[in-house]
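> Based on the sequences and whatever the hints tell you, model everything.
Number of protein chains: 4
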Amino acid sequence: MAGKYSTIHYHSYLKLDKITGAQELRSVEVGQPAHEEMLFIITHQAYELWFKQIIHELRSVLKMFADDDVDERNIGTAVGRLQRTEQIIDLLVNQIGIMETMTPLDFLDFRAYLFPASGFQSFQFRMIEALLGLPEVKRMTYNNHHYAAFFPEDQKGVLEGIYKDGTLFDAIQDWLERTPFIKHGNFDFLKEYDTAVRDMIKKEQAAIDVSDYLTDQEKTMRKKMLGDTNTYFQAVLDKDAHDKLVADGELRLSYDATVAALFIQLYRDQPILHLPFMLLINLIDIDAKLTTWRHRHAQMVLRMLGKKVGTGGSSGHQYLADTAKKHHIFTDLHNISTLLIPRSSLPALPDDLVKDLSFYYSNINPA
Amino acid sequence: MAGKYSTIHYHSYLKLDKITGAQELRSVEVGQPAHEEMLFIITHQAYELWFKQIIHELRSVLKMFADDDVDERNIGTAVGRLQRTEQIIDLLVNQIGIMETMTPLDFLDFRAYLFPASGFQSFQFRMIEALLGLPEVKRMTYNNHHYAAFFPEDQKGVLEGIYKDGTLFDAIQDWLERTPFIKHGNFDFLKEYDTAVRDMIKKEQAAIDVSDYLTDQEKTMRKKMLGDTNTYFQAVLDKDAHDKLVADGELRLSYDATVAALFIQLYRDQPILHLPFMLLINLIDIDAKLTTWRHRHAQMVLRMLGKKVGTGGSSGHQYLADTAKKHHIFTDLHNISTLLIPRSSLPALPDDLVKDLSFYYSNINPA
Amino acid sequence: MAGKYSTIHYHSYLKLDKITGAQELRSVEVGQPAHEEMLFIITHQAYELWFKQIIHELRSVLKMFADDDVDERNIGTAVGRLQRTEQIIDLLVNQIGIMETMTPLDFLDFRAYLFPASGFQSFQFRMIEALLGLPEVKRMTYNNHHYAAFFPEDQKGVLEGIYKDGTLFDAIQDWLERTPFIKHGNFDFLKEYDTAVRDMIKKEQAAIDVSDYLTDQEKTMRKKMLGDTNTYFQAVLDKDAHDKLVADGELRLSYDATVAALFIQLYRDQPILHLPFMLLINLIDIDAKLTTWRHRHAQMVLRMLGKKVGTGGSSGHQYLADTAKKHHIFTDLHNISTLLIPRSSLPALPDDLVKDLSFYYSNINPA
Amino acid sequence: MAGKYSTIHYHSYLKLDKITGAQELRSVEVGQPAHEEMLFIITHQAYELWFKQIIHELRSVLKMFADDDVDERNIGTAVGRLQRTEQIIDLLVNQIGIMETMTPLDFLDFRAYLFPASGFQSFQFRMIEALLGLPEVKRMTYNNHHYAAFFPEDQKGVLEGIYKDGTLFDAIQDWLERTPFIKHGNFDFLKEYDTAVRDMIKKEQAAIDVSDYLTDQEKTMRKKMLGDTNTYFQAVLDKDAHDKLVADGELRLSYDATVAALFIQLYRDQPILHLPFMLLINLIDIDAKLTTWRHRHAQMVLRMLGKKVGTGGSSGHQYLADTAKKHHIFTDLHNISTLLIPRSSLPALPDDLVKDLSFYYSNINPA
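Going down the list, the sequences are from chains A, B, C and D.
Here the first sequence is numbered in the numbering used here, starting from 1 and rising by one per residue.
Here the second sequence is numbered in the numbering used here, starting from 1 and rising by one per residue.
Here the third sequence is numbered in the numbering used here, starting from 1 and rising by one per residue.
Here the fourth sequence is numbered in the numbering used here, starting from 1 and rising by one per residue.
Hint data in this document are derived by calculation from the structure and do not stem from the laboratory.
Note that the list lumps identical chains together, so a pair holds whenever it fits in one copy or between two copies.
Capping the alpha-carbon separation at 20 angstroms, the derived lysine to aspartate or glutamate pairs in DMTMM-like fashion look like this:
hint, residue 1, residue 2
1, LYS289, ASP90
2, LYS355, GLU72
3, LYS224, ASP109
4, LYS15, GLU29
5, LYS18, GLU48
6, LYS203, ASP109
7, LYS239, ASP194
8, LYS15, GLU48
9, LYS63, GLU160
10, LYS202, ASP109
11, LYS307, GLU250
12, LYS307, ASP248
13, LYS307, ASP228
14, LYS203, ASP216
15, LYS15, ASP154
16, LYS239, ASP174
17, LYS191, ASP228
18, LYS156, GLU136
19, LYS156, ASP17
20, LYS325, ASP285
21, LYS183, ASP69
22, LYS164, ASP174
Quick look at the structure:
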């Protein structure tokens with residue numbers, strides 16, 4: 001029926017009967033039309049459209065990384081789709097600004113009719129959190145209920161399926177753990193890094209000690225800023241320390257994945273590492289942008305309700321503000337920054353490793 | 001059935017079955033799934049959602065100004081709704097950036113299946129243009145067809161109805177024409193303005209002539225920049241000249257409305273004029289932002305297709321670029337700027353007029 | 001020398017020798033050129049340019065409201081300047097996104113040379129906080145030092161002068177307290193509001209109790225959402241309760257100013273109240289946008305440093321995150337939302353008050 | 001004196017004495033203080049700061065591509081710096097919105113004092129255009145003067161030097177022309193592409209001809225949309241046709257560079273081509289964003305002046321609108337879209353070429 005060469009009209013292609021026919025104002029239904037309810041509905045519907053798009057992107061990226069052997073030709077595509085996801089989240093943040101053109105007094109004109117609907121009931125948003133890999137144990141409860149309690153069985157099943165099949169966090173962690181260059185012939189990245197860190201700290205400390213420019217107090221501050229192998233660098237230099245932090249819930253990313261992420265960040269200019277580097281940045285960015293969205297969302301709720309209780313029965317502002325603080329997923333990638341050292345102190349890579357990290361053509365046809 | 005105190009769930013309130021169930025990819029249907037078609041559909045659906053919101057706002061503002069006697073308590077609300085419309089158009093411009101994350105090569109994966117659908121077929125967008133008051137004679141044809149030829153009878157009827165009932169341009173023009181303060185007792189604004197313009201020009205020209213700082217060439221340029229009663233100011237100082245320009249299609253806004261818009265801009269600090277001033281700025285802004293949207297839209301089409309012909313059969317880029325140049329509505333409000341003169345040259349308003357322009361309370365209880 | 005008719009060139013007018021000659025890279029100075037230090041310097045310089053503009057706007061608005069008798073013709077101008085301030089803060093938030101294109105590894109190339117400079121030392125930003133009215137007692141300390149300890153005597157003097165002369169918070173509070181319409185002839189707003197709140201609650205509670213749609217648990221939640229005179233509304237219905245909260249540091253805005261702000265929000269459609277309403281929204285917005293800026297700034301620092309100590313010696317992220325939580329100024333205006341009641345429950349205003357709130361002209365020339 | 005370990009303060013590091021001491025209002029100087037002149041100055045100064053940053057980025061990228069042998073490890077860095085440049089241009093577009101908060105009447109308060117300064121005199125902006133490679137013959141004249149006539153000798157020298165040393169357009173063209181994979185063993189990309197295009201067109205035309213869904217008129221349109229070897233594809237399939245278009249000024253990019261850009265776009269998923277693909281997109285984006293900036297700038301001038309002549313003596317709006325249409329640099333990269341064909345019609349690459357396009361490691365250690 002619908003052959004490749006059949007014709008199609010804008011209106012039917014986009015199913016506009018459904019899309020623009022889906023705004024039924026409760027305030028109209030109860031005979032108290034409130035102009036602003038249209039904005040309330042349309043903003044939320046636009047959110048859900050974009051949530052669907054984000055899910056579409058995340059699922060496709062997840063699929064690329066689900067195998068034990070990731071096709072390197074896909075990483076550019078994955079980076080593109082995650083960047084798009086970031087742009088969409090930026091748009092969602094902007095949409096909050098549009099919602100805020102509704103004043104609190106306008107909201108009161110129809111708020112009573114919405115009970116007990118709540119943004120907390122957005123199934124697609126839960127899917128996004130699950131696909132990214134928000135750990136179930138970290139999820140805030142809502143009115144003391146587990147988040148899944150709000151969804152029907154089939155939707156609960158979908159959420160459980162995501163965790164069972166593996167989230168993006170899981171897939172990225174596995175992929176990082178398989179990074180082959182960390183030990184390469186005689187080159188042991190961690191050993192070299194350990195030495196470099198210790199040398200750098202020793203040299204800098206000595207320079208600070210003899211500086212004529214600094215007061216004693218400044219020297220102390222300067223060293224504190226420099227850090228120490230017993231502080232910043234400890235967890236990565238000592239697998240046991242790392243594992244203990246994981247066991248305590250302080251860290252989540254495995255030791256091997258952490259080391260690989262550090263290696264990628266430090267040597268990102270090597271051709272084979274550049275797109276992986278961009279990918280890690282994308283994940284950090286998505287996390288940060290979602291946090292901004294939660295923060296702005298919390299602000300909006302505060303503006304609308306002040307200290308009132310939300311239609312869902314919760315203190316919506318507090319719930320959202322808490323998720324902005326706790327619903328992070330890629331914090332450990334974020335914190336790789338702690339472990340970076342200046343390029344001037346970086347261990348040099350041996351020639352054969354540099355070769356492995358570059359393109360085939362360039363090695364066969366040197367300049 | 002749906003009483004004020006019945007309960008409602010997020011999912012059913014927002015009719016998410018419809019909203020997130022309205023994405024049927026043609027590429028999937030013909031057995032050649034193209035990942036990016038989802039983005040194409042969702043972006044357009046989001047556009048149509050927001051178009052519906054804009055129509056909701058414009059219709060409500062139009063209603064406020066449809067009567068011969070506009071309730072002054074509504075102008076603040078109208079300003080708020082037009083500002084919201086502006087923010088929505090800004091969002092629509094941002095959405096183009098998201099669409100542009102789809103590369104031209106990705107677009108080719110499903111473009112062939114869309115024939116002959118075209119954004120030109122968006123009925124809601126035509127409604128927005130009509131509600132604002134885009135003159136039918138100015139509309140670009142598309143593939144040599146009148147724009148309405150693309151719509152079924154009932155939609156054509158809606159568009160005709162808008163023009164028949166009066167557009168926002170019409171309503172604002174009528175409202176401006178009724179501005180009561182242009183002649184007020186012995187004060188004749190136009191006469192005072194005429195004198196002020198002539199005095200200002202004479203004084204400035206004299207000062208330029210005797211200036212030691214300027215070369216002769218600079219003096220000439222300086223005077224050109226100053227303008228003349230035979231150039232810039234002619235149309236407003238001479239009703240016949242204005243009416244001729246209207247007859248020739250150079251101007252559209254009536255003489256009386258133009259004079260009132262000028263008066264409002266010049267004396268906007270008077271309390272009764274401030275919200276009307278904001279309203280005029282809103283209309284100018286909406287026009288400008290729609291133009292930016294058309295410009296960006298044309299850019300996007302160029303990026304996707306290069307010089308290829310669009311699915312609707314037109315050279316989409318050229319059509320859009322032309323509408324960006326010609327589909328303006330409030331140009332004459334925009335051009336009031338030409339007629340402004342510095343505050344230092346402004347005719348003073350007589351006390352009784354100042355009183356009429358201020359609040360009742362302040363007159364009864366002077367400071 | 002510089003007469004009105006002297007000529008001027010773009011370059012000298014903008015003092016571009018100074019502006020584009022003010023980038024001296026420390027990394028170049030010490031012989032280790034770091035490409036990204038330029039971005040670091042220019043972003044901060046652009047911040048400081050815009051801070052100067054914000055100070056220019058805030059000072060001008062403060063001046064308008066400093067007198068006991070605010071000229072009503074100025075309120076539109078004040079609203080415009082505060083809206084501009086908002087747009088500038090939005091821009092500053094966007095600038096963070098540009099700074100974040102510098103990766104943490106790039107930052108390490110010159111970070112060591114910046115010690116102990118810190119954004120905390122921005123005098124202009126302290127001025128902005130002071131002009132808005134950030135209470136000195138609420139300011140976070142920094143490395144256990146009072147913020148003013150970081151500035152030379154003359155700058156400390158400027159900051160103290162702002163507090164002494166009165167901040168925007170002070171001026172707005174005074175202006176609100178002078179609102180003349182709260183008691184008007186026989187109309188006592190607070191009494192009417194009290195009755196309206198009690199009636200509304202009683203009626204709603206009764207309707208909930210008899211509803212067939214709700215379970216008992218839902219009825220309880222619904223009532224919690226409705227609020228009570230002993231909870232939400234208590235502080236405004238009982239001056240002593242309010243004053244106690246002020247004494248305890250829970251509230252800051254005086255009782256009379258709070259009541260006036262509530263009155264303005266509830267009756268904003270009355271002509272004389274509309275611009276004051278917009279002004280209150282502007283102040284709330286500025287507060288919220290500054291908070292977003294602090295939040296994003298904290299995010300950026302976290303991204304750059306991970307858990308490292310900042311160049312200023314503090315854990316920059318934590319400091320900024322704390323100010324995002326605590327450095328609010330207009331929270332009490334924000335929380336007026338708690339006190340709003342639906343329009344359908346609003347006490348009607350007596351005719352003579354409506355007259356006082358409208359324009360002189362409209363009363364003399366009724367439709 | 002300024003050793004690595006000397007201390008530095010925020011204020012002196014950023015040379016804030018210069019930066020925030022560079023606002024001298026002409027209106028103040030002539031004794032007619034205009035509040036809004038501060039905004040005018042600061043916005044322009046912020047522009048110039050960011051122009052300096054853009055020049056810093058473009059110069060660094062140009063340097064990477066100036067050699068005959070581009071270090072492949074630099075391409076990721078180049079992509080990052082061009083992306084940053086894009087973000088900065090986005091910011092510059094936003095700044096126009098801030099400038100537009102100044103109303104035309106406010107501008108008149110100080111406009112007369114600015115004569116004959118003009119944004120046209122921005123030397124740094126001319127540098128940006130030159131660095132990107134705006135052809136000198138395409139530059140609009142201004143008041144009938146060549147653009148360089150407005151700059152002193154030393155600045156003219158800098159601009160000439162840029163063209164002499166080679167612009168980014170030149171460097172990218174050279175780099176594209178050196179792409180080694182276009183002919184690879186027995187594989188001749190152009191021959192394969194030619195065949196693929198002809199096959200695709202023949203097959204599609206046949207399918208359209210036999211389609212039951214389409215009317216005759218639709219079949220004609222559908223074929224027009226498909227294109228033909230005599231239209232879209234001619235210039236790339238026929239070097240002479242291309243060279244003639246270059247000679248006529250219709251095209252600018254050389255034949256070999258065009259073919260290479262097409263190859264990169266079509267096979268961007270191959271590892272060695274992905275970053276080059278991103279780089280081409282960046283250049284297209286920068287061009288498009290600069291055009292948006294010019295468009296918005298023209299809009300702003302129209303809003304401020306209406307039909308008045310600008311301080312520089314030109315009809316500023318028209319000049320800017322013309323540059324928005326004509327000052328493009330990478331149009332030919334943009335138009336590569338015309339030449340793309342669906343992935344399903346793409347010629348397969350031979351195994352040994354695929355190998356050359358991939359990483360060394362992956363070839364040595366196949367999955």
